[in-house]
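Participant: As a plain string of letters, each chain reads:
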Amino acid sequence: GAVVSQHPSRVICKSGTSVKIECRSLDFQATTMFWYRQFPKKSLMLMATSNEGSKATYEQGVEKDKFLINHASLTLSTLTVTSAHPEDSSFYICSAPGTDTQYFGPGTRLTVL
Amino acid sequence: QKEVEQDPGPLSVPEGAIVSLNCTYSNSAFQYFMWYRQYSRKGPELLMYTYSSGNKEDGRFTAQVDKSSKYISLFIRDSQPSDSATYLCAIGDYKLSFGAGTTVTVRA
Numbered sequence: 001g002a003v004v005s006q007h008p009s010r011v012i013c014k015s016g017t018s019v020k021i022e023c024r025s026l027d028f029q030a031t032t033m034f035w036y037r038q039f040p041k042k043s044l045m046l047m048a049t050s051n052e053g054s055k056a057t058y059e060q061g062v063e064k065d066k067f068l069i070n071h072a073s074l075t076l077s078t079l080t081v082t083s084a085h086p087e088d089s090s091f092y093i094c095s096a097p098g099t100d101t102q103y104f105g106p107g108t109r110l111t112v113l
Numbered sequence: 001q002k003e004v005e006q007d008p009g010p011l012s013v014p015e016g017a018i019v020s021l022n023c024t025y026s027n028s029a030f031q032y033f034m035w036y037r038q039y040s041r042k043g044p045e046l047l048m049y050t051y052s053s054g055n056k057e058d059g060r061f062t063a064q065v066d067k068s069s070k071y072i073s074l075f076i077r078d079s080q081p082s083d084s085a086t087y088l089c090a091i092g093d094y095k096l097s098f099g100a101g102t103t104v105t106v107r108a
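The listed protein sequences correspond, in order, to chains A and B.
Per the working numbering, the first sequence starts with residue 1, numbered consecutively.
Per the working numbering, the second sequence starts with residue 1, numbered consecutively.
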């Protein structure tokens, strides 16, 4: 099946700093990618839809200025958590749609101290 | 009402038992139904997907969709300890709506 990678897999940062997470489709092109957030023992919550060549679409309640999304190419989308705070600590997962389903990256665990 | 409802469990079964998981959904327009498996601290991996109604079988896994009842199921036969994970149902066409996930433990 299709492969989606994420980098880094784990990041620890100080409060107030910004963190960039990359999502890449390795063997297929993705004009759209999705960013999810998952709290411990909870389901995936869709944050935003990343669109190549245009602005991202954010779900209700998600701060656009807090979670900056850039879809730089057909294989790369980045999520930047700006001025991170401890409440931003979470597991962030991206996905890219394939022919009939979506393929998920392995996730990035963010810990903000 | 949530778009997708899934009992979070946890569910504990002995090795070799049949694991039965299910979800209900509210939007009758949904056409794609998926089951993902997620191990601790990992991203979800696709197990099976079904388009529209019916059954689909893949090895020890069987997925069923009953659109009239808005009910989907996943059955795992001859369960193994390696099947211990959280199972998420996901429903939708382009954007997916996820269930809460059911944590399954298969005891050796």
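Check the hints yourself; a few may be wrong.
[What the hints assert, rightly or not] Among chain B residues calculated to face chain A with C-beta under 10 Å, some are: (1) Pro8; (2) Ala29; (3) Lys42; (4) Pro44; (5) Tyr51; (6) Phe61; (7) Asp66; (8) Ser68; (9) Tyr71; (10) Phe75; (11) Leu88; (12) Leu96; (13) Ser97; (14) Gly101.
Derived by calculation from the structure, the hints in this document are not laboratory data.
Backbone N, C-alpha and C define an ideal beta-carbon position, used for all residues, glycine too.
Participant: Starting from the hint list further up, note which numbers the structure goes against and sort them upward.
Facilitator: 2, 6, 7, 8, 9, 10
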